[in-house]
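As numbered in mature numbering (1 follows the signal peptide of the UniProt record, and there is no 0), residues -26 to -1, 1 to 245 make up the sequence shown, in order.
All clues stand as given, with none of them false.
Under the rule of at most 30 Å between Cα atoms (straight-line distance), these lysine-lysine pairs were calculated in the BS3-like manner:
(1) LYS111 <-> LYS37
(2) LYS167 <-> LYS37
(3) LYS37 <-> LYS9
(4) LYS111 <-> LYS167
Simulated DEER-style distance windows between Cβ atoms:
(5) ALA183 <-> GLU104: 21 to 27 Å
(6) SER10 <-> PRO234: 29 to 35 Å
(7) SER109 <-> LEU204: 26 to 32 Å
(8) THR181 <-> ASP99: 24 to 30 Å
(9) ARG213 <-> GLY176: 22 to 28 Å
(10) ALA23 <-> PRO106: 33 to 39 Å
(11) ASN110 <-> ARG213: 30 to 36 Å
(12) THR103 <-> SER14: 42 to 48 Å
(13) ARG213 <-> PRO234: 18 to 24 Å
(14) GLU33 <-> GLY212: 32 to 38 Å
(15) LEU11 <-> THR75: 24 to 30 Å
(16) ALA209 <-> SER10: 36 to 42 Å
Keep in mind that the hints were calculated from the coordinates and are not lab data.
Values in this document were obtained by computation on a predicted structure and should not be read as measured data.
For each residue, glycine too, the CB sits at the ideal point set by N, CA and C.
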Amino acid sequence: MAQPSSLLFCIFLSFFSILSSYQTEATTITRLVSKSLYDSMFIHKDNSACPANGFYTYESFVKATGRFPRFGSVGSMETRRREVAAFLAQISHETTGGWPTAPDGPYAWGLCFKEEISPQSNYCDSSNTEWPCFSNKTYHGRGPIQLSWNYNYGPAGRALGFDGLRNPEIVANNSVIAFQTALWFWMTEQSPKPSCHDVMIGRYRPTEADLAANRTGGFGLTTNIINGGLECGIAGDGRVNDRIGFYQRYAGMLNVGTGPHLDCENQRPFA
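Kindly generate the complete structure, drawing on both the sequences and the hints.
Okay, structure coming up:
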């Protein structure tokens, strides 16, 4: 039986180890994106014209990344910066308040919205019995990635510890959870789709179906994963170009190249 002093020392070491791991996870992203860089990327996020002003704080972003320690921490420094740039670009397009002649350019207005404006439906797929919809609930786009549909809210909530089906509103009311849902979507493989994370760190290995559909690795494939059914396989789609514009801006601010295959106009969407 351990002596009391030895037992206390072991408890201290365990606590210190846990604390250190949390500190490591929480500080991984700060090495790549400082608060000043974040604020310069999202220079208008707290503009009074943006419905989300005051919501998407740097502190919430950093805290949310602690739940996903592999985000921005796998591979070379170039790979890490490119993944972060790609993620920030995609959430910026999803929440943009920019327009072609906007002050500081159209790509300075990311994180302007936290909730879809005038949704066309309640985004309930009633055929999905695994994640049933609840009455008087709507599963429209919320948060940085604009999480949508009951079959996304349910799994996201289960993974992150909230009831996504009964309380989808929390994604627009809690900024840490909002960022976590975006990171959950980014990091999670949803077969036959790979995860955006695996694509950006070079871990994606196309299947025969992917090769036949010309789904090559690169930023364009993350667009296909997020919204390929509406945007991919179309020449010169403005939404795709907007995503690329954000990506090019952030890659430049992070001093990293964008890599090839930025668009998805020659890719077929996933089934």
